[in-house]
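Given next are the chains, with one letter for each unit.
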Amino acid sequence: MTLFRGDKRRLNTKPLFLASPAVLILLLLVFLPLVLLVLFSFHPDAPDKQDVWTLENYKFVFINNPLFYKVLFQTILISLYAVIISLLICFPVAYYVAKIAREENRLALVLLILVPNMVSGFMIILSWLLFLADYGVLYFILKYLKLIEGPLHILYTRGAVTIGLVYSSTLWMFIPLYAVLESLDNSLIEAAADLGASNNRVLLRIIIPYSKTAISTGCILTFLQALSSYIIPRFLGGKSGLMYIQLVFDAFYTSYNWNRGAVLGLFMVVIMVVIVFIGLKTSGTSIKEAMEAIKGKEGK
Amino acid sequence: MTKVIVKVENLTKKFGSFTAVNDINFGILKNEFFSLLGPSGSGKTTILRMISGFERTTIGNIYIDGELANNIPPYKRKTNLIFQNLALFPVMNVYKNIAFGLEMRGIAQRIIKDKVYKYLETINLLPIERYARKSINMLSGGEKQRVAIARSLILEPAVLLLDEPLASLDLKLREQMKIELKMIQHRVKTTFIYVTHDQTEAMAMSNRIGVMNRGELLQLGTPEELYSKPNCEFVAKFIGNSNKMSGTVESIIDGIVHYRFGDSIFYARAQNDIKVGDTVNVYTRLEDISISRETDIVKYKNSIKAWVREIVFEGNATRVICDYGDNKRFDALLFAKKGGRKYKIGEKIKLGWKMEDAKAFRGNGVVKDDSF
Amino acid sequence: MIKIGKIIYKIYVIIFHIFVWVPMLVVILLSFNNSESPTLPWLGFTTRWYSTALQNNLFADSLIVSLIICFGVTSISVIVGLLTAMAFVRYDFPGRNLLRISQFIPVVLPGVVFGISLLVLAYNFKIKTGYILTILATSTWNVTYGTLIIASRLEKFDYAIEEAALDLGANNIRALWRVTIPFLAPAIIVAGLYTFINSFNDFNTTIFVIGDHVTFPIFMFSNMRSTLTPEINAISAMLALPLILTGLINTFIQRKTRVK
Chain U
1 MTLFRGDKRR LNTKPLFLAS PAVLILLLLV FLPLVLLVLF SFHPDAPDKQ
51 DVWTLENYKF VFINNPLFYK VLFQTILISL YAVIISLLIC FPVAYYVAKI
101 AREENRLALV LLILVPNMVS GFMIILSWLL FLADYGVLYF ILKYLKLIEG
151 PLHILYTRGA VTIGLVYSST LWMFIPLYAV LESLDNSLIE AAADLGASNN
201 RVLLRIIIPY SKTAISTGCI LTFLQALSSY IIPRFLGGKS GLMYIQLVFD
251 AFYTSYNWNR GAVLGLFMVV IMVVIVFIGL KTSGTSIKEA MEAIKGKEGK
Chain Z
1001 MTKVIVKVEN LTKKFGSFTA VNDINFGILK NEFFSLLGPS GSGKTTILRM
1051 ISGFERTTIG NIYIDGELAN NIPPYKRKTN LIFQNLALFP VMNVYKNIAF
1101 GLEMRGIAQR IIKDKVYKYL ETINLLPIER YARKSINMLS GGEKQRVAIA
1151 RSLILEPAVL LLDEPLASLD LKLREQMKIE LKMIQHRVKT TFIYVTHDQT
1201 EAMAMSNRIG VMNRGELLQL GTPEELYSKP NCEFVAKFIG NSNKMSGTVE
1251 SIIDGIVHYR FGDSIFYARA QNDIKVGDTV NVYTRLEDIS ISRETDIVKY
1301 KNSIKAWVRE IVFEGNATRV ICDYGDNKRF DALLFAKKGG RKYKIGEKIK
1351 LGWKMEDAKA FRGNGVVKDD SF
Chain G
2001 MIKIGKIIYK IYVIIFHIFV WVPMLVVILL SFNNSESPTL PWLGFTTRWY
2051 STALQNNLFA DSLIVSLIIC FGVTSISVIV GLLTAMAFVR YDFPGRNLLR
2101 ISQFIPVVLP GVVFGISLLV LAYNFKIKTG YILTILATST WNVTYGTLII
2151 ASRLEKFDYA IEEAALDLGA NNIRALWRVT IPFLAPAIIV AGLYTFINSF
2201 NDFNTTIFVI GDHVTFPIFM FSNMRSTLTP EINAISAMLA LPLILTGLIN
2251 TFIQRKTRVK
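Residue numbers (our numbering), protein chains in the order written: chain U, 1 to 300; chain Z, 1001 to 1372; chain G, 2001 to 2260.
Rather than coming from a laboratory, the hints here were simulated on the basis of the structure.
Just to be clear, a hint being listed does not mean it is correct.
[As the list claims (entries may be wrong)] Straight-line C-alpha distance at most 27 Å; calculated DSS-like pairs for lysine-lysine:
1. Lys1076/Z x Lys1113/Z
2. Lys1189/Z x Lys1118/Z
3. Lys2256/G x Lys1096/Z
4. Lys2156/G x Lys1134/Z
5. Lys1134/Z x Lys1144/Z
6. Lys2156/G x Lys14/U
7. Lys1178/Z x Lys1118/Z
8. Lys49/U x Lys2128/G
9. Lys1096/Z x Lys1118/Z
10. Lys99/U x Lys2010/G
11. Lys2003/G x Lys99/U
12. Lys1096/Z x Lys1078/Z
13. Lys1229/Z x Lys1301/Z
14. Lys99/U x Lys2256/G
15. Lys1244/Z x Lys1305/Z
16. Lys1134/Z x Lys2256/G
17. Lys1076/Z x Lys14/U
18. Lys1144/Z x Lys2156/G
19. Lys212/U x Lys2006/G
20. Lys2010/G x Lys212/U
21. Lys1275/Z x Lys1237/Z
22. Lys1096/Z x Lys1134/Z
23. Lys1237/Z x Lys1350/Z
24. Lys1189/Z x Lys1115/Z
25. Lys1096/Z x Lys2156/G
26. Lys1344/Z x Lys1354/Z
27. Lys1078/Z x Lys1113/Z
28. Lys2006/G x Lys99/U
29. Lys1014/Z x Lys14/U
30. Lys2256/G x Lys1144/Z
[Said to hold, decoys possible] Residues of chain Z clear of chain G, computed beta-carbon distances all greater than 10 Å:
31. Thr1019
32. Gly1041
33. Thr1058
34. Met1138
35. Ser1168
36. Lys1178
37. Met1203
38. Lys1229
39. Asn1272
40. Ile1274
The structure displayed is predicted, hence computed values, not measured ones.
Every residue, glycine too, gets a C-beta built ideally from N, C-alpha and C.
Can you make the complete structure from the sequences, with help from the hints?
In structure tokens:
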């Protein structure tokens, strides 16, 4: 169904024209640079030797490099914590807003959650910095409540990074959950109850399986978000909260090992693909369904 | 001699391997109210869209007012189409909707305003000032109809095409609009080509009707012709309400078929080529059937014994649904003013009808048997 | 028992909502703190940090740089998004599904990878870093967002309306302009605002390809690496307002123009 343009079966060039800018952007700005990056990773780390092919960067990164594996492990651990905590925190709230709150209140409640996330990431970091600093806001509150005496030691730890990640990933976790839970027909729950299912059973056998896609999408997105978050570990993390992405940044900005940085960056993509794969497989969703969930996010 | 304003020659439309319209030929006369009647999927909307320019013909030619229209885009054709869902522009108010076509022609705003206001009066949307500014979604179904009609008529097209415009209206409104449409057509002296699946609409409004089924044009004629002289089983069944009865031909005399069903012989007028020994399907209109008590003497040539299965009150008439043996169904329509007795369910009665009121076709298997 | 459980549940949800706001409110509150430190103790109310912020040239310059880039990115994203959405929704062409899926790649890939790969590209082909490269880099995923937002509205478009316009005398272009584009207008606005905010807040990609210029996030980054004063609270607070407003406007446009 289109504007009048004659016989439908003739090969139509119009859509190709329309889609070409997008295609061009993808080819020139996404695929080409990535290919170049891959090639770049096979050159030695010296500006004058860029026509030599070598594996030395890969060797350097993967072999005999305990820091790399330590950071990798730490990153995955922190991200996993963030995902699980985020899921546990957000799910009840999503359920409440989607199902229990009254219809006219729902928009307000959702907005209340979304609005603080609309501000710049730096503001979020700043606020947590102030909050969790040794003599920060939380210290003052706890001191006032006479719960502690000395300075907090939360900042610059794994915990701080985790808190920051959980907070900034609220959007990515909450919205898919909310969208799916809202679409869950109340009569399904009522039918289950009518047939004798207790609240726990309803939760386990009906609600969670129904939201499987959303849970997996939310977790995957949160995990990816945690991996790609630079400023949170940079400011909240310190030594013990070091995350993988900082290695990439440092390679390009601090130590000027660009070729090694390329390897690190590419490996990061590999990790992400693996995460997505694992996430999709374990929950049994397909790529299509995940894409639908992301599109739903745009709709909200 | 009235001029042919739309001529359709060998019109065929295929979608891949599916033939929606198969070799249709007809001509529509100037100022005629012409209907294409048929069930969904019969191809009538496709023909309408080809005439209006939204579909290309696979084979065949369309002539509008004498010129070959095949390659003319819809915005240049002398036709205007009223869409099934009306397709009023949601972002514009009533005035802007009606004015749209004139704006496209580059007519001065002053003149447009006069014309639009005049049309608002014609279609009876008063007070004009208030309606002009109204947003489309504030209108009722009937009001939307009229805006859609005004939007097209203001361009004074040679031919107005209407795609089942009354489908979404409730019964009372539909009845009212049928009359209004006919009156509008007379007033503006435009040719109307009307597509519908509702035969009462077509019969009520049209000068001529083309009955279609599965892409074929079966019969073209005035409502009266279609009603009393159907040329095939489909038309006989589709127009009006009919009973269908089958039998084997024993003899044919003077165009009257004598056919046997069960133990008796029945008489019907042959509508197509029938030979002795053929199976015939015979159609009778419900209102031509008379009911009498089992013991009465029947004065009709055709009569059969049956019992009353169901009685349905249909407002101005009562439908008596009977079983004449072996679960075979035969209905009769009794009009209230004929007075007379009420029949009871289970009662044994006699059905009778004249032989002129029975139309016999050589069976071609197009129409399914009437049974419970 | 169930009653208590319900109350605890409700309290939990309330606490959650409060916690979501607390950090931001803390920052805003402390921007009025008459102290050299952006945190407690509270030493009195003042607005002087707002005046320092407004006089901060680096801050103002960074805003301008950010706005220029955002304008570029938004324009590209909306225009290309519109064209691509039309291609997807109205036509079937070879490679359609492939393009659909490929468009998701820029969204899922981390920004840092874009940053470094385009930096390497610039280095290899001797392209200068700066405004244009940054606009192009940031457009990659924003084009996808633009396409999704506009396509989602276009899918709900009733073609009969366009045909009606054609029937009434509008040629293809006029019909598009008078009927289809107005219908898409809310989606176009939403796409524009969304990509604007998105590109405004970007750091991970921008830092690599911007060269010597300083966008607002980069300004914040360097500012936060040195000593903090409540000025930074004031700056954050000032930016928070327009960002939140834009987000709310977006949400309301989407709700108001939902097609039944």
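Q | Hints the structure fails to honour | A | none
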